[in-house]
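Line by line, the protein sequences give chains S and X. The opening residue of the first sequence carries number -15 in my numbering; numbering runs sequentially from there. The opening residue of the second sequence carries number 14 in my numbering; numbering runs sequentially from there.
FYI, nobody ran anything at the bench for these hints, they're computed from the structure. Keep in mind that a hint or two might mislead.
Said to hold, decoys possible - With a cut-off of at most 27 Å between alpha-carbon atoms, the simulated DSS-like pairs for lysine-lysine come out as follows:
| hint | chain 1 | residue 1 | chain 2 | residue 2 |
| --- | --- | --- | --- | --- |
| 1 | S | K44 | X | K351 |
| 2 | X | K291 | X | K250 |
| 3 | X | K325 | X | K104 |
| 4 | X | K351 | X | K90 |
| 5 | X | K188 | X | K233 |
| 6 | X | K104 | X | K277 |
| 7 | X | K226 | S | K53 |
| 8 | S | K4 | X | K62 |
| 9 | X | K187 | S | K53 |
| 10 | S | K1 | X | K277 |
| 11 | S | K53 | X | K16 |
| 12 | X | K137 | S | K88 |
| 13 | X | K233 | S | K53 |
| 14 | S | K4 | X | K307 |
| 15 | X | K233 | X | K187 |
| 16 | S | K4 | X | K305 |
| 17 | S | K1 | X | K305 |
| 18 | X | K243 | S | K88 |
| 19 | X | K277 | S | K88 |
| 20 | X | K90 | X | K328 |
| 21 | X | K244 | S | K88 |
| 22 | S | K53 | X | K291 |
| 23 | X | K305 | X | K291 |
| 24 | X | K307 | S | K88 |
| 25 | X | K226 | S | K88 |
| 26 | X | K243 | S | K44 |
| 27 | S | K53 | X | K212 |
| 28 | S | K53 | X | K244 |
| 29 | X | K90 | S | K1 |
| 30 | X | K213 | S | K88 |
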Amino acid sequence: MPKVTYIEFNGTEHNVKVEKGLSIMEGAVQNNIPGIDADCGGSCACATCHVYVDDDWMDKLPEQSDAEKDMLDFAFETTANSRLGCQIFLDEELDGIAVSLPEKQG
Amino acid sequence: MIKTDAVIIGAGPVGLFTVFELGILGLNAHVIDNLDKVGGQCIELYPDKPIYDIPALPICTGESLTNNLLEQIKPFKTEFYLNQRVNTIKKNNQNWIVETSDNIVFETPNVIIAGGVGSFEPRKPPIAGIENFENSNLFYSVKNKNNFSNQTVCIFGGGDSALDWAVELSKIAKKIILVHRREEFRATQHTVDQMMNLKKSGKIELYTNCQPKDFIGEQKIETVLIENNKKEAIELKVDSVLAFFGLKMELGPIVNWGLNLDNKTIIVDTCNFETNEKGIFAVGDICSYPGKLKLILCGFHEAALAAQECFKRAKPDERYVFRFTTSSSDIHKRLGIK
Chain S
-15 MPKVTYIEFN
-5 GTEHNVKVEK
5 GLSIMEGAVQ
15 NNIPGIDADC
25 GGSCACATCH
35 VYVDDDWMDK
45 LPEQSDAEKD
55 MLDFAFETTA
65 NSRLGCQIFL
75 DEELDGIAVS
85 LPEKQG
Chain X
14 MIKTDAVIIG
24 AGPVGLFTVF
34 ELGILGLNAH
44 VIDNLDKVGG
54 QCIELYPDKP
64 IYDIPALPIC
74 TGESLTNNLL
84 EQIKPFKTEF
94 YLNQRVNTIK
104 KNNQNWIVET
114 SDNIVFETPN
124 VIIAGGVGSF
134 EPRKPPIAGI
144 ENFENSNLFY
154 SVKNKNNFSN
164 QTVCIFGGGD
174 SALDWAVELS
184 KIAKKIILVH
194 RREEFRATQH
204 TVDQMMNLKK
214 SGKIELYTNC
224 QPKDFIGEQK
234 IETVLIENNK
244 KEAIELKVDS
254 VLAFFGLKME
264 LGPIVNWGLN
274 LDNKTIIVDT
284 CNFETNEKGI
294 FAVGDICSYP
304 GKLKLILCGF
314 HEAALAAQEC
324 FKRAKPDERY
334 VFRFTTSSSD
344 IHKRLGIK
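With the hints as extra help, turn the sequences into a complete structure.
See below:
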């Protein structure tokens, strides 16, 4: 199973294993990691699973869809590393990925 | 004061089906929602997205589901109170007094909270002390456009609301400054073209790849500080600010009603979906119990069970008889079937 490191805004790290095929958002929700709200449940419709992907992993990610770019307009403090957790699905390629969580979701 | 058998908070699919379940038991309901339309998340967030797990509907969309539910509850002539939220719920003997933000007051034995993940509220820029400006010259919607005449108006956002108002207000304002996070706009192409033309003619000053950093002023915002992708700050003198960052969902005043909560959900008894307060129920995504699944179909089941208890409270002297819609003449009468 791919490993994911979630880093809360206060610096607390969570290292968890997430089943292949699940999203970064689902991995956080299933492991009760604070800082990801996921209000819409993964429909790419709310921007409350905003994460900052670690630099080392940026070029391994799939392209952003227009829908994701649109939703990221609603996320605050976006940077070039901003993605929606519900749109990144985990596989071997992403084993070990690290994401930081923003101060707040929306 | 409006007296009714039940007040339903939330006009999403589960709130609407609750109207049906109460209706076939002969109970009338009034529905309150903070959005300007019925349908809840289904309409606000994903009207076009296909839903595949509504029983006996192999595929539907948020919009078609909402329309079908409205058709289903048509016989009950339900009254909706939109654009307002419930601020307070107070006990009055066996009943509850429910007051909305538009000062509409209900007295009812049953309050059913079908509030999803809470009410939709405007999303605010992450700037400290922003509340201080909300009563002066910072707005999240336009109530009266004439308030902006001859002003320098700074508009944030890249969707339809932001661009529609940029175009519209450019007719009466002194200057429109439009600020957006990236180059592309979500608004319809026609509006984007209109805005770009106004930019060319100098009516709109456009800053893309920029985000708000600070709002500066004493009583009101005098200067808006924005920052571009290269972390360069830009200072803008403004008379008023309109921020269109969409909506987010918040539990809102519900947290003050004395209900047992678990994170952002309300704990219920699965026999009747009653909360720790007699006569206050929670159904759909907002309720919580062991094994809860946030599915529309689960909300429908929860509504059916809650309605039985509502009947007992609304009509304590009548005997409850379980009936099927296929055979009950009473239900047929209520549905207007001859």
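Do the hints match the structure? See the list:
| no. | hint | in the structure |
| --- | --- | --- |
| 1 | K44/S to K351/X | 64 Å, violated |
| 2 | K291/X to K250/X | 54 Å, violated |
| 3 | K325/X to K104/X | 18 Å, holds |
| 4 | K351/X to K90/X | 18 Å, holds |
| 5 | K188/X to K233/X | 18 Å, holds |
| 6 | K104/X to K277/X | 23 Å, holds |
| 7 | K226/X to K53/S | 21 Å, holds |
| 8 | K4/S to K62/X | 25 Å, holds |
| 9 | K187/X to K53/S | 32 Å, violated |
| 10 | K1/S to K277/X | 26 Å, holds |
| 11 | K53/S to K16/X | 47 Å, violated |
| 12 | K137/X to K88/S | 12 Å, holds |
| 13 | K233/X to K53/S | 32 Å, violated |
| 14 | K4/S to K307/X | 22 Å, holds |
| 15 | K233/X to K187/X | 18 Å, holds |
| 16 | K4/S to K305/X | 24 Å, holds |
| 17 | K1/S to K305/X | 24 Å, holds |
| 18 | K243/X to K88/S | 23 Å, holds |
| 19 | K277/X to K88/S | 15 Å, holds |
| 20 | K90/X to K328/X | 20 Å, holds |
| 21 | K244/X to K88/S | 21 Å, holds |
| 22 | K53/S to K291/X | 45 Å, violated |
| 23 | K305/X to K291/X | 21 Å, holds |
| 24 | K307/X to K88/S | 23 Å, holds |
| 25 | K226/X to K88/S | 16 Å, holds |
| 26 | K243/X to K44/S | 24 Å, holds |
| 27 | K53/S to K212/X | 24 Å, holds |
| 28 | K53/S to K244/X | 20 Å, holds |
| 29 | K90/X to K1/S | 52 Å, violated |
| 30 | K213/X to K88/S | 37 Å, violated |
Hints 1, 2, 9, 11, 13, 22, 29, 30 from the earlier list are contradicted by this structure; the remaining hints agree with it.
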